[in-house]
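Number of protein chains: 2
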Amino acid sequence: MTHTPAIILVAPQLGENIGMVARAMLNCGLTDLRIVNPRDGWPSDHANRASSGALEKGVIARVFDTTADAVSDLHFTLATTARPRDMIKDVYTATSAMETAHAKITDGQGVGVLFGAERTGLENEDIALASAIITIPLNPDFSSLNLAQAVLLVAYEFMIQGDKTPDKQFMTGKTDIASADTIDQFTGRLIDGLSDNGFFKSPDMRPTVERNLINLFARQTWTDQDIKTLQGVLSSFIKK
Amino acid sequence: MTHTPAIILVAPQLGENIGMVARAMLNCGLTDLRIVNPRDGWPSDHANRASSGALEKGVIARVFDTTADAVSDLHFTLATTARPRDMIKDVYTATSAMETAHAKITDGQGVGVLFGAERTGLENEDIALASAIITIPLNPDFSSLNLAQAVLLVAYEFMIQGDKTPDKQFMTGKTDIASADTIDQFTGRLIDGLSDNGFFKSPDMRPTVERNLINLFARQTWTDQDIKTLQGVLSSFIKK
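First to last, the sequence lines map onto chains A and B. Sequential numbering of the first sequence, starting at 1, is according to the working numbering. Sequential numbering of the second sequence, starting at 1001, is according to the working numbering.
Hints may be right or wrong, so weigh each one.
What the hints assert, rightly or not - Pulled a few chain A residues facing chain B out of the computed Cβ check, cut under 7 angstroms: (1) G29; (2) V91; (3) T93; (4) P137; (5) N139; (6) K168; (7) F170; (8) G173; (9) D176.
Just so you know, these hints were derived from the structure itself, not from any lab. Glycine is no exception: its CB is placed at the ideal position from the N, C-alpha and C atoms.
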């Protein structure tokens, strides 16, 4: 049992699509590929080429005769369908399905996601085997997603469940974030330079203009490198 | 200004990839495609074919000479890169970038996302123009995503920001969720049938076994149709 969901392709037609699925899986760290009754047989040169190496570098593909065989060791299987069918079943968004999958896998359960053939999708007999349904909310007027793209979205949603990347990081490269003191030295020098230039026409206005300039620089995030660059720019003007 | 982010392809090579980008965009409801200096010219038959109709059915493609021209009317632009560069900039995940984009668009701002050429990605000069960076956290050992797939993930993340689909819905088809009373009638009849059959060997055990059976059915969600099916099954066994 791997620690990622199995991707189960039911009766896929083109080897090329299976290869692209393998590539999308490995992009997101998934490695358990199960192929039920592939129309053009297996192994497939078309699949190998389209996988960009994914079938050699990590994805393990196995072939099964029936969907029931392919899901037999799993505890929770999800069927992907473009539109709800007349079937009694829980329907998840891709996000919540993979949140649930992540929790179940952490709990030691095996999870799989079923994808139907290109064009036709899953048969009702396959959907009946699944614990629940995933429907990806796409543009209803243009919802045809190819097989590898549907797998990519589901695999991506799984991958980001476990991802610890902060929502937003300030990347400073080799420099550090400038302290208030560093910024203050710059704005102080800027204001002195402007004062020497006769920028403050009226003494009454000076406090307001000073405050605006201080605020203008204070509300952004600067690095030491940024302030060094701006100090150089300022020096050039002051000399002139 | 559209109410979705502009997708800006900088120096894309293959018309086919531009078409697949248009298809992925429209799948997610995005329509503003900007192409900077496409290698093979524009319009492109390859693009039209690969777009599966997206370029006729909603996506509006415009060509620009420079990245600066393509972003000139936008207020917030994000550059996609596979790995952080030595540049001072905010780095978002795709999710948080599109949360931010959604908030800014709701606020009336124009948002764009820059994608570089196949293989080479964005030049540092293009990244310097952007407000911030998006890095999609992929499998570091196998991170090559094709252009349309990268666009799909970003467009999908934008689309689900505004999506109101509940995380999980119980789809009952034409039937309704069974009430406790309906389930109780079934379990009562089941227990009576078992009792008539001599299932309860020891009177001491009966309360525990009854409670287990009641719990077994109570903790699942059933529809009226499910219970009708199970009642039919039970009738068949009781008759026999």
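Now for the hints, and whether the structure bears them out:
1. G29: 4 angstroms, holds
2. V91: Hint on V91 (chain A): holds, closest Cβ of chain B at ~5 angstroms, below 7 angstroms.
3. T93: 5 angstroms, holds
4. P137: 5 angstroms, holds
5. N139: Result: holds, 4 angstroms to nearest chain B Cβ.
6. K168: 5 angstroms, holds
7. F170: 6 angstroms, holds
8. G173: 5 angstroms, holds
9. D176: Since the shortest Cβ distance to chain B is 10 angstroms, the answer is violated.
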